[in-house]
Amino acid sequence: MPHPATAIQETGAATAPHLRRLLEFVEPDRDDVCLDVARGTGPMPAALGPQVRHVTAVDATPAPSGRRDGRMSTVTFGTGPVRIAQDIDLPPGATREDVLPAEPRRRGPGTDAPRAGGPDGMTVRADATALPYRDDAFSLVTARFSLYNLGDPEHVLRELLRVCRPGGRLIIADLVRGNLAGPDRDRIERLRDPDHPGTPSIARLTEMITSAGASIRRLDVFTVERPVEPWLAGAADPAAAERIREALTDEVDGGPRTGAKPRIIGGELWFTQSWAHVAAEPI
Numbered sequence: 001m002p003h004p005a006t007a008i009q010e011t012g013a014a015t016a017p018h019l020r021r022l023l024e025f026v027e028p029d030r031d032d033v034c035l036d037v038a039r040g041t042g043p044m045p046a047a048l049g050p051q052v053r054h055v056t057a058v059d060a061t062p063a064p065s066g067r068r069d070g071r072m073s074t075v076t077f078g079t080g081p082v083r084i085a086q087d088i089d090l091p092p093g094a095t096r097e098d099v100l101p102a103e104p105r106r107r108g109p110g111t112d113a114p115r116a117g118g119p120d121g122m123t124v125r126a127d128a129t130a131l132p133y134r135d136d137a138f139s140l141v142t143a144r145f146s147l148y149n150l151g152d153p154e155h156v157l158r159e160l161l162r163v164c165r166p167g168g169r170l171i172i173a174d175l176v177r178g179n180l181a182g183p184d185r186d187r188i189e190r191l192r193d194p195d196h197p198g199t200p201s202i203a204r205l206t207e208m209i210t211s212a213g214a215s216i217r218r219l220d221v222f223t224v225e226r227p228v229e230p231w232l233a234g235a236a237d238p239a240a241a242e243r244i245r246e247a248l249t250d251e252v253d254g255g256p257r258t259g260a261k262p263r264i265i266g267g268e269l270w271f272t273q274s275w276a277h278v279a280a281e282p283i
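First residue of the sequence shown: 1, per the UniProt record's numbering; consecutive thereafter.
Just so you know, these hints were derived from the structure itself, not from any lab.
No experiment lies behind these values; they were computed from the predicted model shown.
Just to be clear, a hint being listed does not mean it is correct.
[Stated by the list, open to error] Computed spacing ranges between beta-carbons, pair by pair:
1) R217 - I264: 34 to 42 Å
2) F145 - E229: 14 to 22 Å
3) D253 - T210: 20 to 28 Å
4) A181 - G151: 42 to 50 Å
5) N179 - R257: 12 to 20 Å
6) G151 - P256: 29 to 37 Å
7) G254 - G213: 46 to 54 Å
8) R30 - D250: 45 to 53 Å
9) G254 - P166: 52 to 60 Å
10) P230 - E207: 28 to 36 Å
11) L180 - D152: 36 to 44 Å
12) G267 - P197: 32 to 40 Å
Backbone N, C-alpha and C define an ideal beta-carbon position, used for all residues, glycine too.
Please work from the sequences and hints to get the whole structure.
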């Protein structure tokens with residue numbers, strides 16, 4: 001039976017259980033030189049900062065169509081409280097110059113020049129398929145809930161692996177669906193976000209990582225339950241949010257299945273997602 005998620009106090013700040021789980025999976029080292037690539041801002045640079053030598057944060061949020069300056073305001077992937085419902089066990093020296101931006105290989109007009117980035121709030125703006133860093137610059141590269149939103153995921157993976165040194169680690173954390181599950185679950189995701197790219201199966205995600213040139217070292221797949229309302233706060237419009245709310249409530253009352261396995265917890269409507277943490281090493 002799932003139990004309520006409780007925050008864990010660490011280095012003066014509360015760390016949510018799902019983030020703590022990811023940090024334990026990452027196994028950061030004091031000698032690690034890290035790169036976090038995200039859609040907008042995220043919690044990883046600040047969480048990793050006290051545990052590694054250096055962190056560089058990249059905001060690779062694609063520019064919306066119609067914008068010419070290549071810029072947009074950052075966004076945060078908010079999970080809200082979660083319950084970890086079930087676990088499935090499945091099968092570091094660098095110099096300062098290593099993490100300084102190299103000349104970008106492809107730069108469009110008006111894009112921001114690279115800047116030093118990290119948990120101090122400074123963030124590099126860059127194309128996730130053309131990162132402005134030298135080959136093998138980082139011992140640890142992370143991408144949390146962003147792989148499918150930064151461009152073609154196969155191109156993004158190849159670029160993340162390019163900047164990850166031999167013997168380093170690439171950590172991908174993202175939504176997945178079971179290998180036998182159909183794509184129906186994506187219907188409510190697309191109601192909330194019409195640009196939702198689809199949820200990959202576990203097999204598809206790992207296949208893409210290996211095809212990009214990496215070896216899978218560890219895999220952590222688990223189910224979480226989330227309250228609906230914080231998630232719906234990011235819906236495209238109120239009408240879409242209400243349609244999702246009605247579909248989930250109908251399922252609780254015995255109606256058609258949505259694939260989200262909703263239920264009432266403490267008087268609130270919750271739903272489920274499957275998350276995966278993948279640790280890979282460049283070949």
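These are the hints, each one checked on the structure:
1. Between R217 and I264 the beta carbons are some 39 Å apart, a value that agrees with the proposed interval 34 to 42 Å.
2. Take F145 and E229: their Cβ atoms lie about 19 Å apart, and the range 14 to 22 Å holds.
3. For D253 and T210, the hinted distance range of 20 to 28 Å is not satisfied, since their beta carbons lie about 43 Å from each other.
4. Between A181 and G151 the beta carbon distance is about 25 Å. The supplied range of 42 to 50 Å is therefore violated.
5. A beta carbon spacing of about 19 Å between N179 and R257 agrees with the range 12 to 20 Å that was offered as a hint.
6. Between G151 and P256 the Cβ separation comes to about 35 Å, which falls inside the hinted range of 29 to 37 Å.
7. At roughly 48 Å, the beta carbons of G254 and G213 sit within the given window of 46 to 54 Å.
8. In this structure the hint that R30 and D250 lie 45 to 53 Å apart at CB holds, the actual value being about 52 Å.
9. For the pair G254 and P166, the supplied restraint of 52 to 60 Å holds, since their beta-carbon distance comes to about 55 Å.
10. Under the hint 28 to 36 Å, the C-beta atoms of P230 and E207, about 32 Å apart, fit the expected range.
11. About 26 Å separates the C-beta atoms of L180 and D152, a value inconsistent with the hinted range of 36 to 44 Å.
12. Distance hint for G267 and P197: a CB-CB separation of about 33 Å, consistent with the stated range 32 to 40 Å.
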